[in-house]
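J.: Chains as they are written, first to last, in our numbering: chain A, -2 to 334; chain B, -2 to 334; chain C, -2 to 334; chain D, -2 to 334.
Just so you know, these hints were derived from the structure itself, not from any lab.
Some hints could be false.
[What the hints assert, rightly or not] Restraint ranges, calculated between C-beta atoms of paired labels, are given here: (1) D/Gly23 x B/Glu65: 31 to 41 Å; (2) B/Asp199 x A/Asp310: 45 to 55 Å; (3) B/Arg305 x A/Thr207: 44 to 54 Å.
Keep in mind that this is a model prediction, so the values were computed, not measured.
Ideal placement from N, C-alpha and C gives every residue a C-beta, glycine not left out.
Number of protein chains: 4
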Amino acid sequence: MRAYQFEDDFAPESLRLVERPDPIPGERDIVLRMRAVAVNYRDLAIMRGEYHTRVSPPLVPLSDGVGEVVHVGPAVTRFRVGDLACPTYLPLWIDGPLTLDRIARRLGGPDDGVLTELMRLSEHEAVRAPDHLDPAEAATLPVSGVTTWHSLFELDRLRPDETILVQGSGGVSTIAIQLAAAAGARVIAVTRTNRYTDRLRDLGADHVLTTDSSPDWPSRVAAHSGGGVDVAVNTAGGPTLTPTIAATRMGGRVHLVGYAAGRRAELDVFTAIQHATTIHLARGGNRTDFESLVKTVEHHRIRPAVDRTFPLDQLHDAFDHLAHGGHLGKVIITPTF
Amino acid sequence: MRAYQFEDDFAPESLRLVERPDPIPGERDIVLRMRAVAVNYRDLAIMRGEYHTRVSPPLVPLSDGVGEVVHVGPAVTRFRVGDLACPTYLPLWIDGPLTLDRIARRLGGPDDGVLTELMRLSEHEAVRAPDHLDPAEAATLPVSGVTTWHSLFELDRLRPDETILVQGSGGVSTIAIQLAAAAGARVIAVTRTNRYTDRLRDLGADHVLTTDSSPDWPSRVAAHSGGGVDVAVNTAGGPTLTPTIAATRMGGRVHLVGYAAGRRAELDVFTAIQHATTIHLARGGNRTDFESLVKTVEHHRIRPAVDRTFPLDQLHDAFDHLAHGGHLGKVIITPTF
Amino acid sequence: MRAYQFEDDFAPESLRLVERPDPIPGERDIVLRMRAVAVNYRDLAIMRGEYHTRVSPPLVPLSDGVGEVVHVGPAVTRFRVGDLACPTYLPLWIDGPLTLDRIARRLGGPDDGVLTELMRLSEHEAVRAPDHLDPAEAATLPVSGVTTWHSLFELDRLRPDETILVQGSGGVSTIAIQLAAAAGARVIAVTRTNRYTDRLRDLGADHVLTTDSSPDWPSRVAAHSGGGVDVAVNTAGGPTLTPTIAATRMGGRVHLVGYAAGRRAELDVFTAIQHATTIHLARGGNRTDFESLVKTVEHHRIRPAVDRTFPLDQLHDAFDHLAHGGHLGKVIITPTF
Amino acid sequence: MRAYQFEDDFAPESLRLVERPDPIPGERDIVLRMRAVAVNYRDLAIMRGEYHTRVSPPLVPLSDGVGEVVHVGPAVTRFRVGDLACPTYLPLWIDGPLTLDRIARRLGGPDDGVLTELMRLSEHEAVRAPDHLDPAEAATLPVSGVTTWHSLFELDRLRPDETILVQGSGGVSTIAIQLAAAAGARVIAVTRTNRYTDRLRDLGADHVLTTDSSPDWPSRVAAHSGGGVDVAVNTAGGPTLTPTIAATRMGGRVHLVGYAAGRRAELDVFTAIQHATTIHLARGGNRTDFESLVKTVEHHRIRPAVDRTFPLDQLHDAFDHLAHGGHLGKVIITPTF
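One chain only, chain A, in its complex shape:
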């Protein structure tokens, strides 16, 4: 079988198509033929050698993906051949709180990821994809979807009387809008331009504001939500954290789930004390979160947003497209090896 891997170091040109031995599954293993994968900022950071924990080549990249089950070991009970299944990003974190032991393995670095023709894994390290999704849509779930679920419904408890602010239009932002709407909350979306206003409404936003036309957007969001939103999802970090806090109500909760605008977030402590803010930073979610997400996506017939799908030989264009920003939803690669 074939796979892409970083050979000697981390750089775009080091990512090469290689031949690897076919996986030999054990008794409780399944084998997936990968059908779609998604790229994340984390993958960019790894490729650029800027990632915050140690990873080393050779490494098969990417954390997000879905494949068709093409083999099940004799003791497997969770899957059948033909199922569409997503590997879990943190294979050892089945349930309960996060611990060091439970993140010892992470797909796409330090462990081999999903940019491969075939993938062998324990049946405990995958989740059945929602029935109504195509592979590109299902590939959006393991990282963005699960992290967003864990943030909104495990770390937090979004309620149907609440208003949530979602900033941006990437993979976390779009699924956050969809999940918050499914949970009955009122959703205010804020993006740079009005390019996606209609799409964000279709996903479930009750109100869309653009930062280009409203530089004072935090006070407009606050005005629009009776004094500040209950919950905010910020995927940018950097200088954007304090304005997000300014848009929340007293006692509001902020989920900081990215760092597109800067690895260092500036926190104005006065503003945050004034708003009596709680800030949550999730590191993915567990398999039980993933299963809860699947139930919700199925019950509400949610279709995650896919910005653009690239064929495998345009792999680097996919990375560039993500790096360039301005997309709505996830950037997908369909790996036909």
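With the hints as your guide, set chains B, C and D onto chain A.
T.: Same frame as chain A, now just chains B, C and D:
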């Protein structure tokens, strides 16, 4: 003005129409002209002398109602003349946990209730009714609606990946179905006959079972929800508590919000330990709960179920109708004095 | 090696000493030489054929015990030879919420228990005993200790400003007093007679009441705690549940962790609604709970109460002693096979 | 009567002793003769014109204090003449979540504070001081004590199996150590020098580290707590936030309750995501928190740390002492007017 009141003792025949002096509002008071009221089992228990805490005549009965604001004191800021407003059942409980002080006053006993032409109250003791509701619908909210909200979203935290069982078709059951559906949960409704199957689906039930055709309904509910529902709402008590627990998953939560089937609930401790159950018993909710309920009802355009509306001179028919059971939603009286 | 087991059916006389093959440990297994075991009401119920779920002979009984590690497999990292270790009652429940899968195995029924000379188990199915405890004390922890921990600190969140009522003097009651005192709460203990007043104070009770001298104990407890305790631990069930609720404050929490006074608990719904009570019924706890318990027991140098220790050949006297009631702490057997 | 107030602007020299009319109490009012007050960083910020929300002269400064009740209105039930009572810093926040309405009034700015001979207030705006404390000790509670309580036991739920890191030796740090120890937690204190090692141990720290001798203190704290503390209290902000996060376990909680080291806290998002951190910023606490604090302080006979007590005519020395840092506990002024 006129009002109904129990004169000397508690009995149907002691409930008489009386003339009372018009209310003289203070600076922060409002006056409501009552437009609709709802009857509750509690009102039946009081009328029959079976209520569990001391109340004494003379007493204007009923806790649930809505009126039009016909006067506002000069310092009032929360209401304007013409608003539709619901008195809060527990006027002193604005927020925070329930305390003895905060239930010192309770409308409909020991304090005068809402079966009156005009009602004077502090502006802090009322909540604006949802805009899109007519008076009969708004009158369903203060007791059934608020208690259900408090149970599902304050004592509990119903999530969009969960399944909830709602038993019965009365006022608590119907609003529970509507609120749970608004919160994105999957709803299984269980009633005696198939008379209301379509109506319960319209309110938001994903699945309806009847106890008449399925005496083994707990195991059918469990089968239908992957091993037991996450949450159950039981409004009957008596011998029905243990079967409800049997229909829940391990670690499930049961809300016991009534005693139509018996003041003593039989709790099989083995069954409850086996299911690792938590049982919640709410005593109404606070004003903040009511405001959260109104936000949710408005955002989701929920229209609470009204079984039947009686004119004031058929007051006793309304009580009988409630006592007889088998209704869907609340029993309403439109008090045209 | 030797073990006791029920041979053909469940009855005192069917519990016989048998010879069994020595355990052959796997790579990640440990072998314990059992040093002390404790008897629980559950064991009595099983022996009498009154237990609520199916168990079948042959069965080695008892769930609670501690042994010395006499062998470790080559891949074992959690234990060394010479450690004192407790098998977990629910071996599959490591963490997270309880699920059906996670109680598939339960020591003492349906799975073989701890009344055995040697016991083989995966290293994941045991917890190191607190350093300062002797075997009899450590044997009290797996069921009573862990269930009490799970109740007070996972299902509930006992705080240092709160008052807790603990009824009875058995194994759950005594460790509940000790843990609640360690968590800084004020503790009111209620027992039948004044026989144990001093001992309960030594364990951490701030105040001891006796039901014999105070039949109106619920109102005395309420008076003593500013209107009702925040939390209550009831180990008896039956007719005692409603008086316990009467002793709690509004919004109080009751932990029903036993059924010594009757398998059916009578719940007066009026009283429970009046008190806006939450009732929790735990089914043991998980390994993470056990580890949290050990940390707390070590940090506070807690020594669990042992009522009496029986040698192995007085096994049936130990059962009778438990059945007879009136003990303070656990009934222990030291299994010198 | 006499009081200190900022006359025309905010500056040390504008703080002058003035004569003001004696208070005329209403029906539900009490009058306090102030016995001790404490200074906070907030008071420094206000005096220097650096405070984050608008306050304007004339203003009586200081938020923290205690007085003897010298008059009670005829309708007062919560106090008697002779009681020692603390005004609540946020007089309108009795209970429930923080809202804009509930911080409309704040003692010491924008509302007149406690640096006054006599103080009139509604009986609802004060809490009885713990019985065993002298005025200097009681004056430490309303801001530092209540904020710390709210942080550890309302926003968070510190448990007896947990380890908490407390940085610094000021008023919040010292009461945090005492309350955490009362709640049964293990406490690691970190300060700059070893000057206070013994005192911090006396207050309840199980282990004391100094940053001067251990620049790598975060990894030492992590090593000392099995991989990172569960909870951390940081009173400095600025560049110290990220090292604090580095000392916590995965899923740990950080309470940022000050900004002595800088109004802008630098948050390394990578580090925070790696640790899956939650950061809480409290804005004081409510009256119910204060009452819970008093119960706990009384039950555990906690004596809050007083660094130094200044007489009224050395008022500015007290401010300078606080500004200079390096104190252990609160800086107190005994206002003998």
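J.: Work down the list of hints and note, for each, if the structure agrees.
T.: Results for each hint:
Under the hint 31 to 41 Å, the C-beta atoms of D/Gly23 and B/Glu65, about 35 Å apart, fit the expected range. At roughly 52 Å, the beta-carbon separation of B/Asp199 and A/Asp310 lies within the given 45 to 55 Å, and the hint holds. Separated by about 50 Å at the C-beta atoms, B/Arg305 and A/Thr207 satisfy the suggested range of 44 to 54 Å.
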